[in-house]
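**Q** Letter by letter, the chains look like this.
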Amino acid sequence: MSKFVFFLGEAYRALRRNAAPSIAAIVTIAVTVLLVGVLVPVLSATGSKTDDVRSQLELKVFLFNDATDTEISNLENRIGNIAHVDTVEYISPAEALTLLEAKLQDKSLLDQLNSNPLPPAFNVKLDDPDNLESVQAALSPPDASGKPQPVSAAIDDIVTGEQTQQIREVTGAVKILLAVIAVLLAIASLFLVGNTIRLSIYARRREVEVMQLVGATDWFIRWPFVIEGLVVGLFGAIIAVGILFLGKVTIVDPLSEDFALVENLNTIAFGPLIAALVVGAMVVAALGSGVTLRRFLRI
Amino acid sequence: MPEQQHLRPQKPPIVELKDATVVYPGGHVGLERASIKIDRGEFVFLVGPTGCGKSTFIKLLLRDIEPASGSVVVAGKDINDMSRSKVPQLRRRIGTVFQDFKLLQNRTVYDNVAYALKVTGSPRSEIRRQVPEILKMVGLGAKIHNYPDELSGGEQQRVSVARAFVSHPPLLLADEPTGNLDPETSIGIMQLLYRINRAGTTVVVVTHDREMVDKMRRRVIQLYDGRVIRDQAAGLYATDESTSEFGARMRDELGVVIDDDRDDTATVL
Numbered sequence: 005m006s007k008f009v010f011f012l013g014e015a016y017r018a019l020r021r022n023a024a025p026s027i028a029a030i031v032t033i034a035v036t037v038l039l040v041g042v043l044v045p046v047l048s049a050t051g052s053k054t055d056d057v058r059s060q061l062e063l064k065v066f067l068f069n070d071a072t073d074t075e076i077s078n079l080e081n082r083i084g085n086i087a088h089v090d091t092v093e094y095i096s097p098a099e100a101l102t103l104l105e106a107k108l109q110d111k112s113l114l115d116q117l118n119s120n121p122l123p124p125a126f127n128v129k130l131d132d133p134d135n136l137e138s139v140q141a142a143l144s145p146p147d148a149s150g151k152p153q154p155v156s157a158a159i160d161d162i163v164t165g166e167q168t169q170q171i172r173e174v175t176g177a178v179k180i181l182l183a184v185i186a187v188l189l190a191i192a193s194l195f196l197v198g199n200t201i202r203l204s205i206y207a208r209r210r211e212v213e214v215m216q217l218v219g220a221t222d223w224f225i226r227w228p229f230v231i232e233g234l235v236v237g238l239f240g241a242i243i244a245v246g247i248l249f250l251g252k253v254t255i256v257d258p259l260s261e262d263f264a265l266v267e268n269l270n271t272i273a274f275g276p277l278i279a280a281l282v283v284g285a286m287v288v289a290a291l292g293s294g295v296t297l298r299r300f301l302r303i
Numbered sequence: 004m005p006e007q008q009h010l011r012p013q014k015p016p017i018v019e020l021k022d023a024t025v026v027y028p029g030g031h032v033g034l035e036r037a038s039i040k041i042d043r044g045e046f047v048f049l050v051g052p053t054g055c056g057k058s059t060f061i062k063l064l065l066r067d068i069e070p071a072s073g074s075v076v077v078a079g080k081d082i083n084d085m086s087r088s089k090v091p092q093l094r095r096r097i098g099t100v101f102q103d104f105k106l107l108q109n110r111t112v113y114d115n116v117a118y119a120l121k122v123t124g125s126p127r128s129e130i131r132r133q134v135p136e137i138l139k140m141v142g143l144g145a146k147i148h149n150y151p152d153e154l155s156g157g158e159q160q161r162v163s164v165a166r167a168f169v170s171h172p173p174l175l176l177a178d179e180p181t182g183n184l185d186p187e188t189s190i191g192i193m194q195l196l197y198r199i200n201r202a203g204t205t206v207v208v209v210t211h212d213r214e215m216v217d218k219m220r221r222r223v224i225q226l227y228d229g230r231v232i233r234d235q236a237a238g239l240y241a242t243d244e245s246t247s248e249f250g251a252r253m254r255d256e257l258g259v260v261i262d263d264d265r266d267d268t269a270t271v272l
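So the protein sequences, as listed, match chains A and B.
Residues are numbered in the numbering used here as their position in the first sequence, beginning at 1, plus a constant of 4.
Residues are numbered in the numbering used here as their position in the second sequence, beginning at 1, plus a constant of 3.
Don't take every hint at face value.
Unchecked claim - Interface residues of chain A toward chain B, partial, derived using beta-carbon atoms under 7 Å:
#1 ARG21
#2 VAL214
#3 THR221
Hint data in this document are derived by calculation from the structure and do not stem from the laboratory.
Built from N, CA and C at the ideal position, the CB exists for glycine as well.
I would like the entire structure built from these sequences, with the hints used as guidance.
**A** Laid out in structure tokens, this is it:
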């Protein structure tokens, strides 16, 4: 316990007497944390929006008009049990007409129809659009000659949405891009913080040499540096979180009042975000100190 | 019937180098089959030109480097069998003083000396008692709270002597302790080392200070090219020199390098 107090004192002394490198390290960490703090919500919002779009992709199963009620309910159960199918919704011809009417600008077009041309159908939503093929195959497995045959005689046609393929490709690319940006950001932050810490310790390698000379053990030398790293990480993160908070209150919050878009973005909450940033900065800075010292200690 | 003699159990020598050879990466030979034995309580000067192996000797005893062959025994223990984690314990038992003082610049005089006690886990009360005492002994009682850069060279060296001696180690190594100091200040430092030796600590001083060695008349070990070429009780810095030896020594001391032709001429003259 008294040793811990001693280590704390040592760390405090080092911070006070090496103000310039310490401040440089704190500023670097603040800037890095700020960058991460802004980009993480943006990335996560983009990601969730992409998922949102993808989840709306669906499969339409058109039935013959003479499909019986038993056929329809059997088929509904059957589709519902296929792997990766999220929901199955039956749309009767009358419902389809209502939906069409709602979408049309010129409602008079419908008046020219003598009868309802729309067939009964199922709207099948999937858990992930990448499973489109497998669900399609389950609905109409290939027969002996290799041609797909619908599982029920009531099925007229199975159709994927017009732009399903493009949307799938675009959103897939966006997801990969987001992942790449996130990884690059993580690497850049680690290197930036690690290097700054290394520089500030580099200036004090002679000090480490002297400590070893009078018989200090490796951990006796290392603990104050690790604690110093924790403190530098904490201060840097606090500065960044302060700026983030100001930004949230003055820019993001007023915007979300005016635009439903910003408000509806499904992104990481502010509390967990700042907690993760503070802990992350402290851990990286402390590890950076400990690892850098390892080199000077010549283990 | 002869009386049974009650002798004190013989303590092993504090330092014993047996046929130690040190080869640096790159092939430079630091020491070559050097055997040196130093008993407890001795005061020894280690002399010789630059690069003769004096600093290698000190590094060897601190286990900063390890010999390629031969053994290094400190207080009866072969320190090369020691695991790395035990090295700090070895260093706590050896006080060191260097030409460049090696003080912690961001600590006060008090904290520099106290650090040597803190590493051993000494209780606070002990530190508070011993540090001012030792600083008074080296004559720095009034500058306890100054930082090293506020002190003169001689004062800084006194701090480093105080740090080396505060835990009363059995062995104190001084690597050119007066190398950066003027003669008057040097005498003060040597007096301190002498006093420490009188208190029972073995003191080994590596030096170029000819006058000091000649005046103090202690054991002198002379190294040349990594070999022990002289080991003399109550010796002088150098034995009687021929003209060419004198020339070589002067060149070494003044750091003058002369090519061979001129050297020959000088000898003839």
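**Q** All hints, please: hold or fail.
**A** Status of each hint after checking the structure:
Hint status for A/ARG21: holds, given a least beta-carbon distance of 4 Å to chain B, under 7 Å. Against a cut-off of 7 Å between C-beta atoms, the interface hint on A/VAL214 holds, since the closest Cβ of chain B lies about 5 Å away. Here the hint on A/THR221 is kept, as its CB sits about 5 Å from the closest CB of chain B, short of 7 Å.
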